[in-house]
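Trainee: In case you want the letters, here they are:
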Amino acid sequence: MSLTQLRPSPHHEAPPVEPSRTRLWLYRFDIRAIPYVFIAPFFLLFAIFGLFPIVYNAVVSLRTWRLDEPDKDGWAGFANFTKLLHDSDFWNALYNTFGIFLLSTVPQLLLALIVANLLNRKLRAQTWWRIGILLPYLTPVVASTLVFSVFFARDNGMANWFLSLVGFGQDHPLDWRAEKWSSWIAIATMVNWKWIGYNALLYLSAMQAIPKDVYEAAAVDGAGPWRQLWRITVPMIQPVVVFTVILSTIGGLQLFNEPMMFDENPQSATGGSAHQFQTIAQLIYKVGWKDLNLGYAAAMSWALFLIILIVAGINAGLTKRIGGDR
Amino acid sequence: MKRLGKASAAAGLAAALALTGCSGQKLEGGDKGGSGTITLKVAFWGDMGLDKLKAEYEAAHPNVKIVLNSGEYNAQHEDLQKKLVAGSGAPDISAIDEGFIVQFRSQADKFVNLMDKGGAEYQSKYLPWKWQESMSPDGKQIGLGTDVGGLAMCYRSDLFKKAGLPTDRDAVSKLWPDWDSFINVGKQYVAKTGKKFVDSGTNMFNPVLAQQPVGFFDTSDKLQMDGGPKVAFDVSMKAIDAGLSANLASFQPNWDQGFKKDQFAVLACPAWMIGHIQDTAPDQKGKWDIASIPGGGGNWGGSWWTIPAQGKNIDAAVDFVKWMVAPEQQIEVFKTVGNLPSQPDLYKDPAVLDYKKEFMSNAPTGQIFAATAANLKPQYLGKKAGPTRVAVEDVITQVQQGKLKSADAWAVAVKEAEKAANS
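From first to last, the protein sequence lines stand for chains A and B.
The numbering used here applies: residue 1 is where the first sequence begins, and numbers increase by one.
The numbering used here applies: residue 1 is where the second sequence begins, and numbers increase by one.
Keep in mind the hints are simulated off the structure, nothing from the lab.
These numbers come from a predicted model, not from an experiment.
Ideal Cβ placement from N, Cα and C applies to all residues, glycine included.
Among the hints, erroneous ones may be present.
Quick list of the computed label-pair ranges, beta carbon to beta carbon [unchecked claim]:
| no. | chain 1 | residue 1 | chain 2 | residue 2 | range |
| --- | --- | --- | --- | --- | --- |
| 1 | A | P239 | B | V67 | 49 to 57 angstroms |
| 2 | A | D73 | B | E328 | 39 to 47 angstroms |
| 3 | A | G74 | B | D218 | 25 to 33 angstroms |
| 4 | A | F46 | B | A351 | 55 to 63 angstroms |
| 5 | A | L309 | B | D241 | 46 to 54 angstroms |
| 6 | A | D73 | B | A59 | 42 to 50 angstroms |
| 7 | A | D71 | B | S88 | 18 to 26 angstroms |
| 8 | A | D71 | B | V67 | 31 to 39 angstroms |
Using the sequences and the hints, build the whole thing.
Mentor: Have a look at this one:
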């Protein structure tokens with residue numbers, strides 16, 4: 001009862017009620033709305049530069065839009081998509097994209113894991129090594145690809161020089177661009193070189209969060225380094241592995257710069273004399289800006305978008321299994 | 001066919017610039033400045049010899065300000081295409097090269113039709129094929145020609161000497177009145193030296209095709225492969241089968257090295273190619289000379305001045321373009337950067353007639369290239385000529401890579417050409 005007596009009388013209480021309501025409202029606004037306000041710029045920008053192009057692309061993909069035949073503009077329904085199903089160039093590009101994707105992503109992530117595992121030990125000049133592996137990532141892709149395309153040149157290329165040291169192709173040097181397998185290897189090499197260090201650093205940061213006593217316990221139980229890597233490290237950094245798998249799936253399926261600049265005739269965007277290494281992104285560029293068929297190119301972009309969604313989903317699912325459930 | 005500006009290096013670098021986004025500065029539509037002056041933005045690539053002309057024109061027209069925007073060859077064309085689609089942002093005046101003219105000609109509505117601006121009187125001044133190439137099928141003229149490449153056969157006189165062939169340019173020209181005799185000379189050269197003769201089969205296919213009365217497409221835009229393309233394709237196959245080709249793709253690092261390592265002895269070259277040879281192999285000064293092209297006529301590259309219709313100062317732009325293509329200015333440009341005019345009357349000008357190129361053993365390049373350009377008969381370039389050419393070139397490359405036998409190649413070329421024509 002004494003507490004109630006300490007309260008000010010209602011008479012004195014009345015004036016401050018108004019401001020406190022405002023304050024309450026402000027407080028509620030602060031708690032409930034401010035986070036949205038703070039995050040809004042991202043979504044606004046995403047709506048303008050992300051969502052709008054995707055939606056607009058979908059609209060364009062349903063239209064006939066040819067720059068060289070302006071009279072033919074109009075709705076096309078799903079004609080562009082039906083054409084896609086019977087277009088051997090598209091399937092060839094899809095095949096190439098997946099081929100290069102497998103040749104680049106799988107070795108890339110495995111090697112990154114091994115590199116990260118090595119870097120996770122006590123080494124001399126630790127920082128130097130860690131920064132060193134990131135250098136390829138910092139190199140502009142155009143610069144490195146130009147160097148690689150000289151490296152993989154038919155005459156006087158360094159790759160062929162190495163091969164000739166082991167007695168291969170002295171008389172007929174390998175024309176790296178001529179065949180599917182050789183051009184895929186060359187392009188995958190460029191991708192791997194660039195991204196191994198980046199992924200290794202991601203893995204490394206995740207590995208450092210693993211408590212040391214887990215390894216000690218495993219060592220006591222007689223698990224060797226290889227077994228420790230696969231049974232402890234990989235499951236414990238699984239979220240990061242899933243992240244890198246999704247990122248490299250997206251990146252791999254959108255591969256453009258490397259095949260583009262590896263081409264002998266980059267302006268044509270044909271990806272080799274018989275489209276040996278033409279990726280989907282390259283084909284989209286060719287159809288849109290060389291064949292001037294924007295509607296069809298938009299349909300291809302949408303198909304690529306869907307394919308990436310599906311493949312990234314499958315890969316994420318598979319990777320989750322590799323980690324914990326075994 | 002592409003025409004790389006003198007300054008522009010390998011096409012790889014070109015793509016590099018495109019990918020890194022160096023597509024020239026952004027241009028706002030030409031708008032009137034505060035003090036009633038008109039700003040004209042002019043987009044082109046390389047060096048078209050405009051710096052001096054700009055100052056001259058501005059002095060004579062105090063109310064006009066010229067802004068020059070030189071970019072990279074491919075990027076400038078792609079930028080123009082994007083601005084045309086967007087409907088704004090294009091320069092007031094844009095140079096367009098032969099390799100892109102068909103693409104833009106078929107969007108004639110997006111350009112000022114110069115026939116409405118007193119362009120008709122220019123027709124008789126130009127090489128007929130030059131006038132026709134920039135004209136849309138329904139008779140709209142989108143551009144006034146500035147330069148042409150012409151096409152001659154550059155050859156290494158030092159390598160010819162070693163192979164026991166004549167080295168004097170007139171004697172060499174007499175060696176190959178037509179392409180068959182050209183191939184025979186090549187066989188002699190290869191037998192004697194064990195080296196390759198030409199850089200690639202595609203650089204034979206293109207000049208031969210340009211000399212045919214009908215190219216890939218007839219005037220109703222129907223693909224017809226059995227005429228001109230078949231003739232040109234057979235010539236390139238014959239050369240490859242005879243082992244004449246070094247199989248080097250133009251403007252690639254390998255090709256540039258081919259110059260230095262004497263991997264080929266002849267090169268089909270337009271006027272602007274000399275700059276490239278000079279940059280690539282500066283120590284070969286005096287080792288190159290120029291003979292006429294087998295078959296007589298030829299052209300590779302050359303450009304037009306066009307005026308996008310979205311501009312705000314169209315009349316001022318038209319005046320400036322007409323001034324730029326006037327004889328005095330065309331000769332001025334030839335003297336500054338060596339771009340050969342496309343108006344045959346100017347070929348009689350002493351500046352062109354007497355011009356000799358020191359690097360090419362003092363060959364009279366003005367005369368030689370003018371003659372090849374004047375000898376070329378007009379040929380209709382179809383709407384799909386660009387992609388079709390790339391498709392057939394790729395088949396020739398496949399033969400050179402050993403992926404395809406020359407006997408089977410024609411059928412593949414027809415198939416690929418049909419696909420490209422319907423793309």
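Trainee: Which numbered hints does this structure break?
Mentor: Going through the list in order, the structure violates no hint and respects every one.
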